[in-house]
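Trainee: The primary structure of each chain is shown beneath.
There are 2 protein chains.
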Amino acid sequence: MKETGIVKSSLGSVRLINFPLIPDPRGNLVFAEYDRHLPFAPKRFFVTYDVPENSVRGEHAHKKLEQLIVCLKGSLTVTVEDGCAKEDYLLDSPDKGVYIPPLIWGVQSGHSKDCVMLVLASDVYDESGYIRNYADFLAHVGK
Amino acid sequence: MKETGIVKSSLGSVRLINFPLIPDPRGNLVFAEYDRHLPFAPKRFFVTYDVPENSVRGEHAHKKLEQLIVCLKGSLTVTVEDGCAKEDYLLDSPDKGVYIPPLIWGVQSGHSKDCVMLVLASDVYDESGYIRNYADFLAHVGK
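Protein chains in written order, with our numbering: chain A, 1 to 143; chain B, 1001 to 1143.
By construction, these hints were calculated from the structure, which means they are not laboratory data. It is possible that some hints are incorrect.
Claimed, not checked - FRET-style restraints, in silico, Cβ to Cβ:
(1) B:Asp1114 - A:Lys63: 46 to 52 Å
(2) A:Lys143 - B:Asp1035: 33 to 39 Å
(3) B:Lys1113 - A:Ile22: 16 to 22 Å
As the list claims (entries may be wrong) - Below, computed lysine-lysine pairings styled on DSSO-like, alpha-carbon distance capped at 27 Å:
(4) B:Lys1064 - A:Lys43
(5) B:Lys1143 - B:Lys1113
(6) A:Lys113 - B:Lys1063
(7) B:Lys1063 - B:Lys1086
(8) B:Lys1043 - A:Lys63
(9) A:Lys43 - B:Lys1113
(10) A:Lys64 - B:Lys1043
(11) B:Lys1043 - A:Lys43
Claimed, not checked - Sample of chain B residues lacking proximity to chain A, with all beta carbon distances greater than 10 Å (derived):
(12) Gly1012
(13) Asn1028
(14) Leu1038
(15) Ser1075
(16) Pro1101
(17) Tyr1134
(18) Val1141
Ideal placement from N, C-alpha and C gives every residue a C-beta, glycine not left out.
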C-alpha cells in the first residue's frame, strides 16, 4: 500500500489528499473513507467525460459546498484561487484528489482525451449556493 | 437530459438506477444525489482499474452494507444472486449503476481493458461485515 495522507496547500484549506492504493494481480484498487480521507460525507457525485481537450470547466465558487475532485482516468489540471493566490494541481492518477472548501474559485482544464473526472460534493445541488461571477467571488472573500 | 429512474429487478431489492446525463459541448456530465438516485449517503468509495480482462472480482456478500456499482469507463458485468435467482447486469456507460443491498452475493467479471469501476458504499470498511464463503452466504439467507 502506498503512503497516504493529506498534503496541506498554502492556499487556504485546499488539500491534496492521497488515497490508499492496493495493487493486486486482479487489478488496482484505490479507496477513501469518510473521516480518514474524505473530509465530508458525500451527498452527491458527478462525473465528466468526453471533455474536449481545450475545454475549461468550473469557473465558479461555492458559498458552503465542499468538494473533492478525483481524476479516475487520464489527466486534468485543477486550478484553485482564494482571491489572493492561485495554485495548479495536476491530477493524473486515481490515488489522489483535491479537496476544495467553500469560497475557493475552481477551474478545470487541460483534460486528456480519455479524462474521467469524479467530483464528490458535500450536499445536493443548489443553484443559490453557486458564485458564478468572478467579481462577486472577490466581494465574497473580501477583496 | 436522458430519462432517469429506478428499474426494479426481480431479484430482491437489487436495482438498476439510471442517472441524469447532461450532454454539453464542453463534455458530458452524469450526476447522482442522495435520496433522488442514491438510496444511501456514501461513507466510502473505491475504484478498481487495470483489471485483467479474465479477472473475477467480488465473490462475497455483506451483512449490512449497501453498495452502488458504476462503470465510468469501458464495461463490466455485475452478477447478483440472492440464493435463489441470479441476474447479470452489463454496465457499459457512466449513466447507470447497480444498487446492491445487504445479503446479495455479488461478482464482477468481463472487465474491458480500460474498465474503471466506482463503488460507493454506505459505511466505512469493516471486515466483520463481509460474508466471503458461499456456503455461509446461503446459510445467512436461509437456503
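Trainee: Run every hint past the structure and note whether it holds.
Mentor: Hint check results:
no. : hint                             : result
1   : B:Asp1114 - A:Lys63: 46 to 52 Å  : violated (37 Å)
2   : A:Lys143 - B:Asp1035: 33 to 39 Å : holds (37 Å)
3   : B:Lys1113 - A:Ile22: 16 to 22 Å  : holds (20 Å)
4   : B:Lys1064 - A:Lys43              : holds (20 Å)
5   : B:Lys1143 - B:Lys1113            : violated (36 Å)
6   : A:Lys113 - B:Lys1063             : violated (40 Å)
7   : B:Lys1063 - B:Lys1086            : holds (18 Å)
8   : B:Lys1043 - A:Lys63              : holds (23 Å)
9   : A:Lys43 - B:Lys1113              : violated (30 Å)
10  : A:Lys64 - B:Lys1043              : holds (20 Å)
11  : B:Lys1043 - A:Lys43              : holds (9 Å)
12  : Gly1012                          : holds (25 Å)
13  : Asn1028                          : violated (5 Å)
14  : Leu1038                          : violated (8 Å)
15  : Ser1075                          : holds (14 Å)
16  : Pro1101                          : holds (19 Å)
17  : Tyr1134                          : holds (18 Å)
18  : Val1141                          : holds (26 Å)
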